[in-house]
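Asks: Once you've looked at the hints, dock chain B against the given chain A.
If you read the protein sequences in the order shown, they are chains A and B. Going letter by letter, the first sequence gives residues 1 to 361 in this note's numbering. Going letter by letter, the second sequence gives residues 1 to 361 in this note's numbering.
Hints in this document: simulated from the structure, not taken from any laboratory. Some hints here could point you the wrong way.
Same chains, same names: a pair is fine if it fits in one copy or spans any two.
Said to hold, decoys possible - In silico DMTMM-like links for lysine to aspartate or glutamate, alpha-carbon gap of 25 angstroms or less: (1) LYS326 - ASP312; (2) LYS29 - ASP308; (3) LYS234 - GLU294; (4) LYS93 - GLU314; (5) LYS316 - GLU300; (6) LYS326 - GLU156; (7) LYS266 - ASP237; (8) LYS93 - ASP308; (9) LYS235 - GLU267; (10) LYS235 - ASP297; (11) LYS29 - ASP312; (12) LYS235 - GLU300; (13) LYS29 - ASP290; (14) LYS234 - GLU131; (15) LYS93 - ASP44.
Protein chains: 2
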Amino acid sequence: MKVLIDDKVHNYHSIWMEDEIIFAIDQRKLPFIFEIFEAKTLKDTCFAIKEMVVRGAPLIGVTTAYGLLQVSMTSKEVDIRKFISVIKNAMNKLSKTRPTAVDLFNAINRIEQVLDEKETVQQNQQKIKIEVEKIEEETLQEAKQIGEVGNAVIPENGVVMTICNAGALATIDYGTALAPIRKAHESKKNITVYVNETRPRMQGARLTAWELYNESIEHYIIADSAAGYYLSQKKIDVVIVGADRVTFNGDVANKIGTYTLSVLCKENNVPFYIALPHSTFDLNLEFGKDIIIEQRDGLEVQTAMSIDTIDDIEVKRRIIHFPESKNLNPAFDITPAQNVTGYITPSGIVKPSEIRKFLKK
Amino acid sequence: MKVLIDDKVHNYHSIWMEDEIIFAIDQRKLPFIFEIFEAKTLKDTCFAIKEMVVRGAPLIGVTTAYGLLQVSMTSKEVDIRKFISVIKNAMNKLSKTRPTAVDLFNAINRIEQVLDEKETVQQNQQKIKIEVEKIEEETLQEAKQIGEVGNAVIPENGVVMTICNAGALATIDYGTALAPIRKAHESKKNITVYVNETRPRMQGARLTAWELYNESIEHYIIADSAAGYYLSQKKIDVVIVGADRVTFNGDVANKIGTYTLSVLCKENNVPFYIALPHSTFDLNLEFGKDIIIEQRDGLEVQTAMSIDTIDDIEVKRRIIHFPESKNLNPAFDITPAQNVTGYITPSGIVKPSEIRKFLKK
Numbered sequence: 001m002k003v004l005i006d007d008k009v010h011n012y013h014s015i016w017m018e019d020e021i022i023f024a025i026d027q028r029k030l031p032f033i034f035e036i037f038e039a040k041t042l043k044d045t046c047f048a049i050k051e052m053v054v055r056g057a058p059l060i061g062v063t064t065a066y067g068l069l070q071v072s073m074t075s076k077e078v079d080i081r082k083f084i085s086v087i088k089n090a091m092n093k094l095s096k097t098r099p100t101a102v103d104l105f106n107a108i109n110r111i112e113q114v115l116d117e118k119e120t121v122q123q124n125q126q127k128i129k130i131e132v133e134k135i136e137e138e139t140l141q142e143a144k145q146i147g148e149v150g151n152a153v154i155p156e157n158g159v160v161m162t163i164c165n166a167g168a169l170a171t172i173d174y175g176t177a178l179a180p181i182r183k184a185h186e187s188k189k190n191i192t193v194y195v196n197e198t199r200p201r202m203q204g205a206r207l208t209a210w211e212l213y214n215e216s217i218e219h220y221i222i223a224d225s226a227a228g229y230y231l232s233q234k235k236i237d238v239v240i241v242g243a244d245r246v247t248f249n250g251d252v253a254n255k256i257g258t259y260t261l262s263v264l265c266k267e268n269n270v271p272f273y274i275a276l277p278h279s280t281f282d283l284n285l286e287f288g289k290d291i292i293i294e295q296r297d298g299l300e301v302q303t304a305m306s307i308d309t310i311d312d313i314e315v316k317r318r319i320i321h322f323p324e325s326k327n328l329n330p331a332f333d334i335t336p337a338q339n340v341t342g343y344i345t346p347s348g349i350v351k352p353s354e355i356r357k358f359l360k361k
Numbered sequence: 001m002k003v004l005i006d007d008k009v010h011n012y013h014s015i016w017m018e019d020e021i022i023f024a025i026d027q028r029k030l031p032f033i034f035e036i037f038e039a040k041t042l043k044d045t046c047f048a049i050k051e052m053v054v055r056g057a058p059l060i061g062v063t064t065a066y067g068l069l070q071v072s073m074t075s076k077e078v079d080i081r082k083f084i085s086v087i088k089n090a091m092n093k094l095s096k097t098r099p100t101a102v103d104l105f106n107a108i109n110r111i112e113q114v115l116d117e118k119e120t121v122q123q124n125q126q127k128i129k130i131e132v133e134k135i136e137e138e139t140l141q142e143a144k145q146i147g148e149v150g151n152a153v154i155p156e157n158g159v160v161m162t163i164c165n166a167g168a169l170a171t172i173d174y175g176t177a178l179a180p181i182r183k184a185h186e187s188k189k190n191i192t193v194y195v196n197e198t199r200p201r202m203q204g205a206r207l208t209a210w211e212l213y214n215e216s217i218e219h220y221i222i223a224d225s226a227a228g229y230y231l232s233q234k235k236i237d238v239v240i241v242g243a244d245r246v247t248f249n250g251d252v253a254n255k256i257g258t259y260t261l262s263v264l265c266k267e268n269n270v271p272f273y274i275a276l277p278h279s280t281f282d283l284n285l286e287f288g289k290d291i292i293i294e295q296r297d298g299l300e301v302q303t304a305m306s307i308d309t310i311d312d313i314e315v316k317r318r319i320i321h322f323p324e325s326k327n328l329n330p331a332f333d334i335t336p337a338q339n340v341t342g343y344i345t346p347s348g349i350v351k352p353s354e355i356r357k358f359l360k361k
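Just chain A, same shape as in the assembly (with noise of 0.2 angstroms):
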């Protein structure tokens, strides 16, 4: 991801760890501020997730991965039970920071399947850096084969529409609805995007322009709201968005208003995709109706994060709502599995009605 700083582009991956230390781009104050968030401890990570300072399925996977390394590197435990069960209390605590990304409980069980109480801490240490890293490695590939991959939907000249952020910032680099996007801008596709804003949090109209805007792509932020009079007015060849699970029968949970696009997409007869890596799939849920829906504080959408003016930038979260009012803020929902064309996964398109087995595999 090349990010531009004061008029300086630099070379950044979304997260990153150095020794036990896991640094992470803040994504709460994007794009006012560009800061460095310094993991040092579990609570740090913990923190990190819950509070959205990383977000997006596979970053939230990735973090949690590092989370764990942390503990296991920075681990006094001598004796193997002792060391195990100060993992597992690291994998219960970041288990309850999000519930929705199946990313994060995915990343537990590859990292929890390692664990071997018939061998020392040192042998378990080593076996946790090799499996993090494992993951590391694949989220990046996969997020490159995403975009390879999904390229071949966006046509010539072609218009995307895409929601919330499912970017570099959602990945370690790259993104996975954006990974097609930055492949087909770069094998010169003349091509525009549409932006939804994507409130509450502003993640489409924060994040992912920021993104297209340091990669050069030419975009526009739309009210989420205007989403329908553009797909009406057949201005966009197709959409595509990232995923915060989906299911064995290809229900897609993923950014509030999702749903609502692939509904709009089916009545407009344009294309709509899901991009995501293999840890968003889900193969212990049958249906989407059994996801957890995170219902998040009520505040974050009577507020937005705001600045007064460029110049004097104070980074606030701000009342924009009559405050004597109730709001609800759910963070997700479902979209079923028949409204979706095809998933964009690193090894192929995969139709719904070809899901199940594509997992079976």
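Replies: Frame of chain A; chain B shown alone:
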């Protein structure tokens, strides 16, 4: 309309005239600041409509009528041709303030029709006054009738969803879409209202929420993108919205996001009603596709009216998007007649299949 200010309840209309001055609740800073705007000249009146001091199709119509009455009353012309030319010049200026609400043009047409070159200036002034008072009286009367008629579609313990503000603030009092809600509440139905916040200008979260609070009607504000979630969860019994213009075939121009709600209602078998006075029907246009959709300044999307804290109220439009990105801001969209369950009019509920017959009467 009862209004709570400083813990006192007042009775207000959203607009009124005293002598030649037009007074209107300034809707730009509501609900954070309650101020009365005074329009003393045609320039003030045009400003009030264009800058959305007043908004809502029926209120735009009444403001236009008051504006013409003001010009008529303050004109010093004694020559009838010159007087009529002054009125027509005012009509021309008012017609350029906002393009979508047909009530504006219907008010102009009604007043244009009473002008008579064969009579004196004084006689013309008197006729304009009578016509404006008729418009005023009809607007008040029709809002009440819409309430009576529309109450029938709201069940006992009903949950109603709406978008934007089609309340007392969009008419002189009582409202269009909010009229059945007020009536249902008055008749002791235990109702709940889901209010779409209505980006970009937040008329739902600022104005409708404020009206419902003042009436002690239970309500929740949601992000526009959460409407699909609640409609798919079968939480909503009926959706009632207003209109800016309804064409001869029943197509509806209304606040951006209305079309999306209609598609979501169709998908989830939720009744979708348009509540409107007769002045919002456009008998000169056949199809919705011929309605001019107002594209407003992208700055409205890039910013949100906000306050820092409840105690320290500095109401300002502040930046909430990445400021380097471009924004698109269509203010309205078109809902095709076939997505509408019925039109709640002052003279009864009309089905889309009956709309031509109804309008030909």
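Asks: Measure nothing new, just compare the shortest in-copy and cross-copy C-alpha distances for LYS316 and GLU300 to 25 angstroms and report within, between, both or neither.
Replies: both (12 angstroms within a copy, 19 angstroms between copies)
Asks: At most 25 angstroms between alpha carbons: which applies to LYS93 and ASP308, within, between, both or neither?
Replies: Classified as neither; 37 angstroms inside a copy, 34 angstroms across copies.
Asks: Classify it for me, LYS235 with GLU267: is the Cα-Cα distance of at most 25 angstroms met within a copy, between copies, both or neither?
Replies: Both: 14 angstroms inside a copy, 22 angstroms across copies.
Asks: At 25 angstroms max between alpha carbons, let me know whether LYS234 reaches GLU131 within a copy, between copies, both or neither.
Replies: For LYS234 and GLU131, the Cα distance exceeds 25 angstroms both inside one copy (46 angstroms) and across copies (43 angstroms).
Asks: With 25 angstroms as the alpha-carbon cut-off, assign the pair LYS29 and ASP290 to within, between, both or neither.
Replies: neither (33 angstroms within a copy, 43 angstroms between copies)
Asks: Within a copy, between copies, both or neither: which one fits LYS93 and ASP44 at a CA-CA cutoff of 25 angstroms?
Replies: For LYS93 and ASP44, only the intra-copy Cα distance (12 angstroms) is at most 25 angstroms; the inter-copy one is 60 angstroms.
Asks: Taking 25 angstroms as the upper bound on the Cα-Cα distance, should LYS326 and ASP312 be classified as within, between, both, or neither?
Replies: The answer is between: 21 angstroms across copies meets 25 angstroms, while 32 angstroms in one copy does not.
Asks: With 25 angstroms as the alpha-carbon cut-off, assign the pair LYS93 and GLU314 to within, between, both or neither.
Replies: Neither, since 33 angstroms and 41 angstroms both go past 25 angstroms.
Asks: How would you classify LYS266 and ASP237 at a CA-CA limit of 25 angstroms: within, between, both, or neither?
Replies: both (13 angstroms within a copy, 23 angstroms between copies)
Asks: When no copy is named, should LYS235 and GLU300 be tagged within, between, both, or neither for a Cα gap of at most 25 angstroms?
Replies: between (31 angstroms within a copy, 22 angstroms between copies)
Asks: Can you give me the call for LYS235 and ASP297, within, between, both or neither, at a CA distance of at most 25 angstroms?
Replies: between (35 angstroms within a copy, 20 angstroms between copies)
Asks: Within, between, both or neither: how does the pair LYS29, ASP312 come out at a Cα-Cα threshold of 25 angstroms?
Replies: both (14 angstroms within a copy, 23 angstroms between copies)
The structure does not agree with the numbered hints 4, 8, 13, 14 stated previously, though it agrees with the rest.
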